[in-house]
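*Asks:* The lines below spell out each chain.
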Amino acid sequence: MEALRIKGLSKNFGGVSAVDNISFGVEIGERLVIIGPNGAGKTTLFNLINGQLPATSGRIYFLGKDITAMPTHSRAHLGQARAFQIISLFLNLSVLDNALLALHGTKPYRFKLFRPINHYKLISDKVQETLKELDLWEKKDELVKNLSYGEQRRMEIGLSLALQPKLLLLDEPSAGLTMEECSGIIDMIKNLGLDITVIIVDHDMDLVFGVAERIIVLHYGQIIADGAPEQIQADPRVKEIYLGIEE
Amino acid sequence: MKTASQEAFSRPRQGQRINLAPHVAGVVILVILPAFLSSYIQSVMTRFLIFALFAMGYNLAFGCAGLISLGHAAYFGAGGYTIAVIKLHYGSDLFWVGAPLGILVATLVAAMFGIIALRVSGIYFLLVTFALGQLLYSVAWNVSWLNTPGMQGIAGLSLPTVGIAGFTLNTTSFYYLVLLVSLICFYLLFRITNSPFGRAIVGIREGEARMRSLGYNTWLYKYIAFVISGAFAGIAGVLFGYYNYLISPTHLGVGTSFLPMCMAIIGGAGTFLGPVIGAAVIIFVELFASIMTPERWPLILGGLFVLAIMFAREGIGVYLWRLWNKVSHHYGSTKN
Amino acid sequence: MEQFIINLLNGLSYGMVLFMIASGMSVVMGAMNIINLAHGVLYMIGGYVGWTIAVKFGAPFVLGLLAGGLAAGFTGLMLERGFLRHLYKQPNEQVLLTFGFVYILTNLSLWVWGGWPRMPFTAKFLSGSFEILGRAYPKARMATIIIGLVMAIVLWWLQDKTRVGSMVRAGMDNKEMAMGLGINMERVFALVFFVASFIAGLGGVLGAQLLGVYNTLGLEILLLALIVVIVGGVGSVQGALLGGILIGVIDAFGRALFPKLAMFTMYFTMIIILLVRPSGLLGRRV
Numbered sequence: 001m002e003a004l005r006i007k008g009l010s011k012n013f014g015g016v017s018a019v020d021n022i023s024f025g026v027e028i029g030e031r032l033v034i035i036g037p038n039g040a041g042k043t044t045l046f047n048l049i050n051g052q053l054p055a056t057s058g059r060i061y062f063l064g065k066d067i068t069a070m071p072t073h074s075r076a077h078l079g080q081a082r083a084f085q086i087i088s089l090f091l092n093l094s095v096l097d098n099a100l101l102a103l104h105g106t107k108p109y110r111f112k113l114f115r116p117i118n119h120y121k122l123i124s125d126k127v128q129e130t131l132k133e134l135d136l137w138e139k140k141d142e143l144v145k146n147l148s149y150g151e152q153r154r155m156e157i158g159l160s161l162a163l164q165p166k167l168l169l170l171d172e173p174s175a176g177l178t179m180e181e182c183s184g185i186i187d188m189i190k191n192l193g194l195d196i197t198v199i200i201v202d203h204d205m206d207l208v209f210g211v212a213e214r215i216i217v218l219h220y221g222q223i224i225a226d227g228a229p230e231q232i233q234a235d236p237r238v239k240e241i242y243l244g245i246e247e
Numbered sequence: 001m002k003t004a005s006q007e008a009f010s011r012p013r014q015g016q017r018i019n020l021a022p023h024v025a026g027v028v029i030l031v032i033l034p035a036f037l038s039s040y041i042q043s044v045m046t047r048f049l050i051f052a053l054f055a056m057g058y059n060l061a062f063g064c065a066g067l068i069s070l071g072h073a074a075y076f077g078a079g080g081y082t083i084a085v086i087k088l089h090y091g092s093d094l095f096w097v098g099a100p101l102g103i104l105v106a107t108l109v110a111a112m113f114g115i116i117a118l119r120v121s122g123i124y125f126l127l128v129t130f131a132l133g134q135l136l137y138s139v140a141w142n143v144s145w146l147n148t149p150g151m152q153g154i155a156g157l158s159l160p161t162v163g164i165a166g167f168t169l170n171t172t173s174f175y176y177l178v179l180l181v182s183l184i185c186f187y188l189l190f191r192i193t194n195s196p197f198g199r200a201i202v203g204i205r206e207g208e209a210r211m212r213s214l215g216y217n218t219w220l221y222k223y224i225a226f227v228i229s230g231a232f233a234g235i236a237g238v239l240f241g242y243y244n245y246l247i248s249p250t251h252l253g254v255g256t257s258f259l260p261m262c263m264a265i266i267g268g269a270g271t272f273l274g275p276v277i278g279a280a281v282i283i284f285v286e287l288f289a290s291i292m293t294p295e296r297w298p299l300i301l302g303g304l305f306v307l308a309i310m311f312a313r314e315g316i317g318v319y320l321w322r323l324w325n326k327v328s329h330h331y332g333s334t335k336n
Numbered sequence: 001m002e003q004f005i006i007n008l009l010n011g012l013s014y015g016m017v018l019f020m021i022a023s024g025m026s027v028v029m030g031a032m033n034i035i036n037l038a039h040g041v042l043y044m045i046g047g048y049v050g051w052t053i054a055v056k057f058g059a060p061f062v063l064g065l066l067a068g069g070l071a072a073g074f075t076g077l078m079l080e081r082g083f084l085r086h087l088y089k090q091p092n093e094q095v096l097l098t099f100g101f102v103y104i105l106t107n108l109s110l111w112v113w114g115g116w117p118r119m120p121f122t123a124k125f126l127s128g129s130f131e132i133l134g135r136a137y138p139k140a141r142m143a144t145i146i147i148g149l150v151m152a153i154v155l156w157w158l159q160d161k162t163r164v165g166s167m168v169r170a171g172m173d174n175k176e177m178a179m180g181l182g183i184n185m186e187r188v189f190a191l192v193f194f195v196a197s198f199i200a201g202l203g204g205v206l207g208a209q210l211l212g213v214y215n216t217l218g219l220e221i222l223l224l225a226l227i228v229v230i231v232g233g234v235g236s237v238q239g240a241l242l243g244g245i246l247i248g249v250i251d252a253f254g255r256a257l258f259p260k261l262a263m264f265t266m267y268f269t270m271i272i273i274l275l276v277r278p279s280g281l282l283g284r285r286v
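Residue numbers (this note's numbering), protein chains in the order written: chain D, 1 to 247; chain U, 1 to 336; chain G, 1 to 286.
Hints listed in this document are in silico derivations from the structure and should not be mistaken for laboratory results. Beta carbons: idealized from backbone N, C-alpha and C, even for Gly. Watch out, some of these pointers could steer you wrong.
Unchecked claim - Here are a few chain U residues that face chain D, going by a calculated C-beta distance under 10 Å:
1) A111
2) M112
3) N142
4) R191
5) L214
6) L320
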């Protein structure tokens, strides 16, 4: 069974085709990185996979199931987790509250009306464990907006991981980070188990080549190259439209 | 919705018992003091509690979920009209019949209106809730079954009977009934707010897209919060019907809908007890105005509201809470 | 058949008044992302001032029209410059603020003009009726239809064909970008608000020919405007026009065919639109 299968996926906005008849598959445990110039459709593709946008045409299969029409929250229950391009943590809430909400999302007691939220020991323990691993337990009552950008980014990804997802979608995880912070993220990703499939969109070449087993290059909503990192590096078309510009 | 408010919002941390003191004191005052005051003051206190309840229920949708509703009087009035209709057409005053039915009707109206209103969000939600409230106002105005013959609304209501032979409620005992109901409701709201559901509602207000990604069915949460909020408005409306001896279409209209919003903003929509403080302020000023300049009351109310929005957006409640914190920390440190 | 035409004309004239009210609200909504809930009160102030000039002082109706528009325009401008401007990045607070002003301005109007309603009034040359298909039809209503259409054309031209219109539409889509291009968005907003309020005031005087002026107009008109905007869609003159005409005609036929149901035909239409197409008939996707 594949983790993800995209068939003939398209997304049109008015007359513009942001994603144009894309098809590809992703094996379970694969580390796929999607690159391409700005406006190539990378974030749109993520929005389609995660359900923020409805597809104009085509099908999306997640772990064998057709999720094309499924709402985002159901996809989370099937095992998708996503970190957004712009940090989407709840800035005005504390680190602890953010973690509690993140970890409750797929649990049945998220609908409970009467017991206080820290009553649910399983989750509270997991929260404590996660925050300690992220070195954020000391700051648990701090508002997220008071953390440094690097800490926020680390936290967002770290929380996504704590959900033990089957598919992790990371949208530009290195954006705005220092070299040191970035290599921290690379390590985090490298330490993930093979039961998690990881798809990353990014521009930072250290991260891309440090993590990728396979690279897909998007341009104007279409796949123009798909293969191992060495292949992509050598591909003249890619050099022309993307890596060339990087220099 | 800033630092201090969120702190006030969250469950008490281990060992910090200081937080309980002002609440216990408040309850004690509410229980003991009115026994020594005139029935007029008791009546004012009753009014305060009814509107505090209305505003607290409202704030579950407004402050917690960020659903700006300008038609909540629909559920308030629905509660009031239910007990009024029961009195008018079935001749019963019984609290144990009227109240549950009133809450039920209010909840049903909120359930219906919620489905329509939640088709849109943000400011449009406000417009739709406003229009729906006015719709109900129109219905109450035009449908003769909902009116005492010869007038608008239903008159001749009175304090409820509780089914104990020979015992009738008076102003004082009704006050205590309202106090009991209010305290129970405040406690329920407290539990709901701190439950996983309540925290999820706040999360949805802060970032709906992320909440969906995390697995929350955000529409459903908003809907449930809205309906619960309508139910509490209904309880307040039932009590109001008994208290006011009269229910009229005005109590379904925007003039009444505006009040809980005003109270929530003035007292602080981000704090748990903010709406209660707001209710106290408004009821008190209203009392003052009714004695001094009754025709200018809407001007005063609007003015207070505008001032609160311009200069004290977090509400008075937050400032009081910060003040209390300073005082108790000072006291704590001198103790050491 | 003649009755059908009469109802249609009634619906159109009422619809034009609705259009004028709604277009101001809708454009402000689209351009500045705020809803001015005091819009109905501006209409009312326009009507009162128009009455004072045209009836109390006996000046020509056109002067009353102008005075009403200006009074509403400047009141709106004061609201924007004095208060809304300071709540720049907080659209929710802005909207709530305007609602506070509904109370303030309504009560002030009550203070100034008293609680007694003013009867419908119009220009001398517009009083009386003329013949259509063998029936008498009020000239004032006809004039309203014509003026409404003219306004619609002018506003549409402003919106789609002029530089100012483009600036407003650019600001609607991307404020920072527009500012980066050197467009003084503050001035544009103030202008938009003034024009929208002016139109509301004009609408108030024109509407006074049909409805008169009275103290509860503030909220009544707001409600009508909201229904029109919900039905027609936000942000465009065309939406306000379609919504206004549709609601006006539905209301006119509703009253003629089911007099008991009065307002409900409008609410009914609104609810259907909300359930089926929440962004309104001509609105951008909400």
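*Asks:* Check each numbered hint against the structure and report the violated ones by number, ascending.
*Replies:* Numbers 1, 2, 3 and 6, in rising order.
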